[in-house]
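Taking the hints into account, I'd like the entire structure generated from these sequences.
Respectively, the protein sequence lines represent chains E and H.
Heads up, the numbering used here is the position in the first sequence plus 315, with the first residue counted as 1.
Heads up, the numbering used here is the position in the second sequence plus 315, with the first residue counted as 1.
For the record, the hints were derived by calculation from the structure and aren't laboratory data.
Just so you know, even glycine gets a beta-carbon here, dropped at the ideal spot from N, CA and C.
Don't take each hint at face value.
Derived coverage of chain E by chain H (criterion: at least 3 residues anywhere in the stretch with Cβ under 8 Å from a Cβ of chain H; other residues may be distant) [as the list claims (entries may be wrong)]:
# : segment
1 : 336-347
2 : 452-461
Which bits of chain H does chain E cover? Going by a derived footprint, with three or more residues having C-beta under 8 Å, they are [as the list claims (entries may be wrong)]:
# : segment
3 : 342-348
4 : 460-466
2 protein chains.
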Amino acid sequence: MHGMFQRVLFPTDFSEEAVVAIDRFLSSSEIKIRELIVLHVIDSKLLEAIAEATRRSHGSEAQAREAAFSLLKGEAEEKLKSICERMRQHAEVVKAEVRVGRPSEEIVEAAEEYDVDLILIPSKSTVGIQSFVFGSVSLGVLEMSSKPVLVVKLPE
Amino acid sequence: MHGMFQRVLFPTDFSEEAVVAIDRFLSSSEIKIRELIVLHVIDSKLLEAIAEATRRSHGSEAQAREAAFSLLKGEAEEKLKSICERMRQHAEVVKAEVRVGRPSEEIVEAAEEYDVDLILIPSKSTVGIQSFVFGSVSLGVLEMSSKPVLVVKLPE
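Okay, structure coming up:
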C-alpha cells in the first residue's frame, strides 16, 4: 500500500463505459485508495415520474412513491454490488451508497460529508471538438464541489 | 518512488493561489510524478495587443511583435523557473515550456504531444453555488482533451 488517497467518491449512473474507464485509469496510474465510496443517486424527478405513472395501481400517492423507491433502490443496490466487486482491487474498503435527490447536489453533499480527497467523474471524449459535452451532473459537481475532481475521459 | 504518473502537465497562468493549491494537493495525496511539464501559454491575443500598442516605437509590425514576444517570453521563463523549483519535490524531472497561441488549444495539444497521463487544472471554488466558474481555458481543456484532467479547487 502506498497510502495514496484516504477516501475517494465514485458517483455512478451505471454506465458500463464509465466503470471501464475508471477501472483502467486506476490500474494504469497505480492509484491506491483506502476507502472507495461508490454512490448512485436516484434522481428524484425520475422517482416522481414513476410514482405518477404507477399511481393507479397503488392506494395512494405515498404508496406509489414508496413502491417506485423500492424498485429503484433494489435495482441500484444490485448494480452497485457488481461495480463494487470490480473496484475491490483498487481500494482496501469499497462501500456502496444510494441516495435520492438532485444528482449533482447529492454528490457534492456526499463528498463533503465523507470529506473525500477526490471525486472521480467519467466524461465523454470529444477529441478536439469544443462542444458542451459535460452533462449537467458532471458540470454541477465540477462547479459546486470544493473537493478535487478527477475527470476521466471515456474512450470514443 | 511509487512510479505513479509518468508524465503530468501543469498549465499555469502564474496565479500564486493555483501553484499553492496544486503543491498542497500533490503533497497530501503523495502523488509521485516522473516528469512534470509546467507550461505557460502566451495568449496570442495579448501578444497582438501589446505589439499593436507599441508599434510606434518599433520600425515595423513584425519588429513590434518580436519585441512583445521577447518581453512576454522572458517574463514567463523567469516565473516558470520559480514554479519549477517549487515543484521539484513532486517529480523526478521538472520541465518548463512556453508556447504561444490560444491557451486551451495549446494545452490540449501539448498534452497530446507529450502523451501525458494527467493534466492538472486549478479552479476557483464556489462552495455550493452553481455559477459558471470555469474560465474558458479550463473548460476548453476539460472538453477538448482526451487526457484525464484533475481539477483542484483553490481555497476561498
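Check your understanding: Looking back at the numbered hints, which does the structure fail to meet, lowest number first?
Key -> none
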